[in-house]
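Student: All chains should be modelled from the sequences, with the hints used to inform the complete structure.
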Amino acid sequence: MRSTPVLQPSLYLGLVVLAGLSALLLRATPLRSQASGDAPSSATVMQDLITIPVSPGGPPVQIRVAVPDAYNLGDEDPYGTRDLISSTMRHGMSIAGYFQVIGPDALYFDPNQDGMTASTINFRNWYNVGAEAVIKAAFRTAANQVRLDFRLFDVATGQQIQLRWEPVTVSHDQVLPEVHRFLNAVMLHFLGTPGSFGSRIAMTGMGRSGLRQIFVMQMDGSGVVRYTDNNTVNVLPSWGPDGRVLYTSYLHNNPDLFLGPNNERRLSHRQGMNSGARLSPDGTQIALTLTRDDRAEVYVLDLEGNITRRLTDTPANDLSPSWSPDGAQLAFVSDRAGGPQIYVMNADGSGQRRVTFAGNYNTEPAWSPSARLIAFTGRDSRNRFDIFTVDPDTSAIQRLTQDSGRSDSPTWSPDGRFVAFASTRGGGGSRIWMVTAEGRYPTLLTREGSGWESPNWEPRVPRRTQVQP
Amino acid sequence: MTQPVLRNSFLLLCVAVGLALSSGCAGRQSANALDAAREALADDFVARCAQEEYNQARGLLQQAEEASAAGRHREARRLAERARDRFDEARRIAEERREECEEEEAARRRAAQDPGSRATERPSERPETPLHGSQPLPDHDFVPVRFAFDSFALDDESQRILQRHAEVLRRHAHLQVIIEGHCDQHGSDEYNLALGERRARAVREYLLNMGIAGQRMTIVSYGSFMPIGSDAQNRRASFQVRSGP
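Protein chains in written order, with our numbering: chain G, 83 to 551; chain P, 7 to 251.
Calculated directly from the structure, the hints in this document are not laboratory data.
Certain hints may be false.
Computed list of chain G residues with no C-beta within reach of chain P, every gap over 10 angstroms [stated by the list, open to error]:
id, residue
1, A188
2, D196
3, V250
4, Q480
5, G509
A short, non-exhaustive set of chain G residues, derived as facing chain P with CB atoms under 8 angstroms [stated by the list, open to error]:
id, residue
6, V183
7, T373
8, N399
9, S402
10, V415
11, P422
12, T445
13, E446
14, S536
All residues carry an ideal CB built from backbone N, CA and C; glycine is no exception.
Tutor: Here it is as structure tokens:
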């Protein structure tokens with residue numbers, strides 16, 4: 083242990099020289115030695131920490147839609163249908179991001195003078211309040227059946243817009259799903275793809291016991307229901323087969339995988355972690371993390387809980403799988419190169435490669451249902467957790483959230499237009515928010531309380547049941 | 007020898023600098039960086055007023071100490087420098103909220119004098135309640151062991167604690183122990199679950215090496231799902247002890 087004469091004359095000078103040299107050396111080598119071989123050469127000189135800002139790219143364009151109160155064509159409204167329709171439509175359009183809602187408070191005239199047809203609507207009035215489109219809704223209740231008629235009009239042309247939605251008669255408890263379907267048809271008209279209204283979000287919240295429980299809500303934040311109610315910890319929910327929720331629960335003092343409300347079915351109870359379950363897009367397999375061999379690895383189960391494949395096998399932690407929309411690949415997290423990073427692999431475990439090279443703590447990948455994009459939680463240069471997306475082919479990263487508390491656990495809407503996540507933004511504790519895939523229009527989804535974490539969005543909008551034309 | 011002398015000298019110089027980097031000099035530089043980081047981190051005010059950032063700096067420093075002890079000097083220096091950077095950030099944050107922080111501390115001191123509020127004062131100091139079985143439990147607090155940020159290494163203090171636990175377990179062969187791994191609130195839930203398991207496993211391995219039979223010990227990770235206090239308090243392995251089987 084001797085230093086060379088070159089560096090001895092001045093310890094200070096030596097320090098400076100060394101710092102400079104070592105900075106260069108460290109730049110040119112991966113963070114930890116294990117990383118060699120993982121990273122393409124372009125990544126070896128990348129920044130150590132994520133410093134990318136949000137880049138929305140161009141000014142947002144919002145369509146102004148008027149949503150006056152619904153007409154009751156009958157005598158009675160025993161189910162409060164008028165409020166349900168009007169408030170669901172206004173709230174839905176307002177959280178959809180691309181719209182500005184003009185409600186009844188903004189009107190200087192009585193919209194009830196209008197009829198339900200183009201020839202009986204005074205479009206000049208709507209034009210004067212700045213509306214580009216008007217949604218008209220009417221209903222009539224008879225016994226427990228409700229007749230629904232919703233229409234969309236274009237103010238500039240004074241014409242009704244044809245939508246992929248027809249007036250229907252439904253039982254009163256199907257009014258809400260029908261309003262959601264109509265809104266999806268409106269989204270299809272304006273944006274080219276249907277919306278995600280009617281889908282649900284599973285999440286965790288604080289139960290009466292003070293421990294985490296599973297909850298399910300409508301994506302618009304309404305109808306929160308408790309899915310588990312026990313004396314232990316329940317975490318990491320995701321949507322499983324038949325519209326039921328998979329989650330990890332400590333009911334038997336081990337993090338076991340359960341399916342269905344109130345710990346209905348225990349699917350996997352290997353020693354250690356049985357967590358991060360994700361149903362394949364074709365609904366036949368479940369990818370998850372097991373630590374049965376004393377380290378976290380990604381496995382695939384059949385719907386009975388039997389192991390059909392082991393996908394990873396490294397001394398490092400490999401966990402948090404997320405299927406690509408065609409089911410041919412999975413994204414996952416591995417710390418084989420030091421800190422946790424996002425990787426992808428084929429569905430048989432072959433072709434494992436790293437896709438994130440910026441930052442030193444990237445986790446919770448969620449593969450978009452409609453694009454070659456993986457959302458993930460990254461820790462940025464100021465040690466804050468935010469939501470990003472990465473293109474698995476080019477490793478190009480985009481930031482979706484910034485400067486707004488802690489944000490994590492991203493999950494895509496079924497149409498791929500939005501990313502929901504848990505965030506402490508805006509104060510008021512952890513709640514569920516969403517932004518567009520470009521990071522625009524941050525919108526609070528949960529309506530009450532806080533302590534909401536770990537959202538997972540139902541991958542498709544439920545189908546219509548028992549409809550009479 | 008027809009090679010230009012100048013070139014040879016240059017090569018020699020390169021070799022010399024390279025050697026300096028990889029051996030003695032690296033050791034001394036890492037020691038200096040460690041000293042500097044230790045000195046900076048002695049600032050109590052920052053520790054109290056920017057706890058989160060300070061704890062991250064502490065974690066890095068601890069990793070640096072471990073690397074240094076293992077002879078990995080270059081890594082040690084890098085970690086020590088990162089600890090310094092993180093500490094500078096912590097100091098900046100602490101200075102920014104100095105007034106707020108001092109008010110909070112005054113409020114805490116007032117609360118501490120009020121016996122009614124003492125129960126919530128330091129939740130981590132309460133030992134975890136053991137499950138009572140058929141035979142009496144020994145008069146020993148199975149206190150939790152702590153970990154650095156994103157680490158499952160057992161430091162000297164943790165090892166001393168585990169040696170005491172092992173001694174009690176040896177003397178009371180009827181005791182069964184559940185080792186719970188826990189993490190702080192930062193980062194991915196599932197990654198933390200894996201980290202908590204590594205912590206619990208590290209403790210189990212240590213006790214195994216101390217002669218405690220494997221069948222007396224089970225492990226379970228609760229990741230970040232059961233916080234009890236500050237980040238430093240949450241990064242722990244705790245013990246549920248009962249008479250068994």
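Student: With a cut-off of 8 angstroms on the beta carbons, see whether V183/G makes it to chain P.
Tutor: violated, 35 angstroms
Student: Taking the closest pair, is the beta carbon of G509/G still more than 10 angstroms from chain P?
Tutor: holds, 15 angstroms
Student: Holds or violated: the hint that V415/G contacts chain P, with Cβ atoms closer than 8 angstroms.
Tutor: Since chain P brings a Cβ to about 6 angstroms from V415/G, closer than 8 angstroms, the hint holds.
Student: For D196/G, which was marked as not at the interface, is the minimum beta-carbon distance to chain P over 10 angstroms?
Tutor: The assertion about D196/G holds, with a minimum of 51 angstroms to chain P.
Student: Confirm or reject: Q480/G is not an interface residue toward chain P, with every Cβ-Cβ distance exceeding 10 angstroms.
Tutor: holds, 20 angstroms
Student: Holds or violated: is the Cβ of T373/G closer than 8 angstroms to a Cβ in chain P?
Tutor: holds, 6 angstroms
Student: Would the hint on S402/G be counted as holding, given a Cβ-Cβ threshold of 8 angstroms to chain P?
Tutor: This hint holds: S402/G lies near chain P, its Cβ roughly 5 angstroms from the closest one there, short of 8 angstroms.
Student: Next item in the hint list is T445/G. Is there a CB on chain P closer than 8 angstroms to its CB?
Tutor: holds, 4 angstroms
Student: If we take the beta carbon of V250/G, is the closest beta carbon in chain P still more than 10 angstroms away?
Tutor: holds, 42 angstroms
Student: Using 8 angstroms as the Cβ threshold, decide whether S536/G counts as touching chain P.
Tutor: holds, 6 angstroms
Student: Just to be careful: measuring from the Cβ of E446/G to every Cβ in chain P, is the smallest value less than 8 angstroms?
Tutor: At 5 angstroms from the nearest chain P Cβ, E446/G passes the 8 angstroms test, so the hint holds.
Student: Go through the hint on P422/G and say holds or violated, using the shortest Cβ distance to chain P against 8 angstroms.
Tutor: This interface hint holds because 5 angstroms falls under the 8 angstroms limit.
Going through the hint list in order, the structure does not satisfy hint 6, though it satisfies all others.
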